[in-house]
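From first to last, the protein sequence lines stand for chains A and B. Residue numbering for the first sequence follows this note's numbering, beginning at 1 and increasing consecutively. Residue numbering for the second sequence follows this note's numbering, beginning at 1001 and increasing consecutively.
To be clear, the hints were calculated from the coordinates, so they are not data collected in a lab. In this text the structure is predicted, and so the values were computed from the model without any measurement. It is possible that some hints are incorrect.
If you want a taste of the chain B side facing chain A, the calculated C-beta under 10 angstroms gives, among others [claimed, not checked]:
(1) ALA1458
(2) SER1501
(3) SER1503
Each residue gets a CB set at the ideal place from its N, CA and C atoms; glycine is no exception.
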Amino acid sequence: MLRWNAVLVSVFVFVSWLWGGEPLYVPHGADAIGTAFAVTASPGHWSCFHNQALMTDVTSSGVSASLVNRFMIPALSSKAVSAVIVMKPTPFGLVASHYGNADYCRIFTGLGSAVRIAKTVSLGVQIDYISERSIGEYRDLSHVTFEAGMTCLISKSLTLGLHIFNPVSLLNTIPSSIEAGLHWQQSDDLMLAFGSSKAGNEPLSVQCGLSWNVMDRLVLRSGYMSSPSAFAFGMGFRSGHLKSDAGFLLNGVTGVTSSITLTWTIK
Amino acid sequence: MGNRLIHITACTVIIGLLHQLPAGCQEQNEAIMEAAEEILALSDEADLSSLLEDLAGLKELPVDVNSGDEKEISRLFFLTEFQVMVLADHVRKNGSVQTIYEIALLPAFDRSTVMLMAPYISLKPAGATKGRSYGRTQITVTESTRFGAACDGSDGIRSLLKLKHEHGHISFGLTAENDPGEKFTFEKTPGCDFISGYLELGGRGMIKSVIIGDYKLRLGEGLAFNSSQWMGSWLSAPSFISGRSSASAYTSTEENNFLRGISLVLGSGNWGALIFSSLNKIDARLVLNEDSLATGVGNLIGGGLHTTEYQINARNSLTETVAGLHLAAGSERFRGGLTAAATFFSLPFLSDKTRPENLHDFEGDRLLNYSADFRAGTGPLLFFAEAGLSIPGSWATIAGIRAKPSGRVTFNLLARCFSPEYHAFHYGAYKAGSGAGNETGLAASLHLEAARHLFITAGADDYMIPAPRYRSAALSHGGRIEIKCEYQPRDDISLRLLYTSSSREYDIPSVTGMASSVKQTRYQAGLVLDCAPAPGFRLTTRISGSMISPSQERGYMLCQDLSQSFGKIPLRIWFRYALCSTGGWESRLYAWENDLLSSFSVPALYGEMTRSFIMVAWEPTGNFEARLKYAYTDTPGVLRQEVRAQVRILLQAACNR
C-alpha cells in the first residue's frame, strides 16, 4: 500500500509541474468553487467540465445554470449553462458560457464525451470553440481547441484524475493548463479532495477541499487554494430533482467571488 | 574540537556498557516543540516563555486523569470546557482510563489532541495512594551560567527557586529569579529581581477557589484576558478554541504579563462568576520632561532582564491596576460568558504619533474592556465566538468552527477581525501579528488520518493588516501554509516531514516619497527521524532547510540527538550535536533542546555555527533529582559555553491508617 501511495504521489507531483498556461475558460459550478476547485477527480455535474472523464460516473442526465460573480464586480461576472446527457454507449456533455461586458466578451462552447476503457479507467475529451469579441479597432478572434481528461479508480474510495486543456498551445496561441487531483470518499458523508494545477507562468496552485453531508439534503463545503491564496466555502441543498449550490472564494487582496448554481436532474 | 570528541566518546562507551530503559530524546511534546520553533522563526517578538514554562510544569507534575476531577483535568489548559467535562464524566462512569487511545475515541477528542496531552498526563489507577496525606512539597533550585564572548549582556549567573506545596484544598507557591547579570541586593529592591507567590484556597460550596497573590486569567477566546496564550499563532494546533475559562496560580518567570491581587471564583451547576482585582508594577519605557520627571509611558517592555541602565530605569516603573468581573452560564451544549474589566495606569501612555505605526496606539491612563463569548455544540460540530470592545478604542471579534465529520478527520476554521484601535493588555487570542488589534484574517486546518499510521496535518492562514505597522506604512497582507506528515509504523519509530511557507509584505526602504512594498516569503522544510534501536536508547535525526524570497538567502541545519537511560544506575543522558549554515539571521533555524526542569531552551542557529550539549540527570529516589547541562556554541572566532545545574526536591508525606 505504501508503495502504491509513493507511486501516486510521484505521478501527482510530476504532472503538476508540467507546463501549462492561462486558462480561457472561467471555471463554473458553485460546488466546485466551494471546494476551491479541487474537483479534477470528484464526481458532479460541473466536474464533468473540469475533467470530461468524470462523465462516465454520471448516472442521470441533467441540466444546470451557473453564475459566477468575480470579486463582486458585475462586469467580471460569467454565466454558463450545461447539460450532461447519459446515453449508450457514451455520455455527452454540452457547455456554453459568457464572460465580459458590452466592450469585451468571450463566449465559450464545448461538446464533450467520455468512455470507460477499463473497469477502473475512463477517458474523456471535449472540443471547444472560443469566440472573443471587442469594440473599436480590436479584431474579433475565434479559436478551436480541445481538452482531455482521465480518471483512474485506485481503490474503492480513492480516485485519481488528470486533465489537460489545449495541449497544442504552440499552434493556436491559446495558453494551456494542466490539473491533477485525488478524490477520497472517506465515508458515506465525507469527501476529501486534493488537487494541483499549473497555468502559464503562474505559480503552481495546490488545492484541497472537503464536502460534508451534514444532513440528507444539506452539504457543507470548504477548501483552500494556494495560488492565488483563497479560502473557499459553500453549501448545497437538494430537493427532489432540483439541487441548488452556493460557493464563495475569499481572497485577502481581491475580495469575494460568489457563485450560485441550479441543477435539474432528469431521471 | 577536543570537547566534542570527549563527549562523543564518553557517550558511546557508557551506552555500550550499561543496561537500558525506555527513554525519549525529547521530553516535551513534539508538536509543541515544532510549533514553538516555527513561531519563533516567524516573529522576533514572539514570547513563548509563559507557555513553555507551563508545559514544563505539567511535565513535572502530570495531570492525574483517572482522578475524574474536573479541576485536576482542567490543568491541561489547552482542553476546552466540553473536553474536560467529557473526560471527567467518562472516568466517573467507566472507571480508569487504560490507554491514551481510549481518550481519542471520546466525543470532542481526536488523535492530535490526545498526542498533545500524552506527555502531560498520568494514567495511574484512581485511588492508588491511600491513607492520610500531609501534602506534597516540591522545591526546585536552578543555577546556570554562561561564559564566553557575550555581546548581549547574557553572561552571568541565573538563579531560580521554585517552591510549591499542595495539601487538600490549600496550595501555595513561590518563584524567585535572578536573570544573568542581575544583582541580589539588600538595598532599594531587596532580594531577588523577581519574586512571585500565591496562596490558593479551594472551596466546596458556592466559593470554588480563591487565589491571593499572583494569578493569570483565561476568559473566553482571549480577546480581553488570556495570560496563557497557549496557541498564539499555532496553525496546526488540534483546535483553535481557547481552553476553559479559568483563574489559575501564576508560577512562570515571565515578569510582566500576570495579575497580582486576588481572584475569586464562584459557581454552582451551570453558572459561575469570577471576580478579580490586581495591582502590579510592570516594566515600561518612561517619557521624561525637561526636568527629568516622568510624564508618561512610551511603551511596555517585556523580557524581564534588568542589567543595563535603561532596563533598570524601566523596571517596575508603571503601576497597573485592574478590576473586573466575568459571568458565565449555560448548559451542556451551550455556554456563554460576559467580561467587564477596568484598567488604570499610574502614568498615561504617550505615543509618538509622527510615526505611522503608532497612529492607532493606546493613549491615556485608563481602559475599559468588555467582551461577550459563547460556545455551542457538542461532538462533531462546535461553534465558538467572542466579541470585544475597548474604551477608548474600538472592537474586535473572533469566531470559528471545529468539526469532526468522521473519526479520522478534524477540521478547524477561524475568522478574526481586530480593528486597529482595539486595545487590551492581557489579550491572548489567535493572531498572526503582534499587538492586540489591527488584523483581519481567516485560518483553517485539517487533521487527517490518511492511512494506517500515516497522519497529515495541513493549515493555511491568510490575513490583512489594515493600518500601518512596523516596517509597513500602508495596508499589507500576509499568509502562512503548513503541511505536516507523520508516519509512525511502530511505537519506537516515526518519520515526520514538515513544510512551512510564510509571507508578509514589508516596505522597501526609500529616501523620499511613498515606499513601495515587497512580499517577503520564508520557506522552511524539514525531516525528522525518531527511532529507538534498543530499549532505553533513542536517536533523533533532523534535517531542516530554509529559504527567504526574494533575497534568496538560504540556510540548513543538521541535528543529531541521542538519549540514554540506564537500568541499574538512576542516570539519564541527553546529547546533541547540531551543524548550521545560513546566509544570515533571516534564514535562521530553531532547534528545541531538552533542558533543566521548569526551563526551556530553543536557540536560534544562524551563520556558520555548531552547537552541542550534554545533559545528565541523576534521580536516586523519586523525591530527588539533579541535572547538569553543559552546552557550547561555536561560531567562527567565538566559543560560547554554558553550564547549568539544578536540584529538585520533592517532599511528599502520607501515612496509612
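For a quick check of understanding: which of the numbered hints are violated here, in increasing order? none
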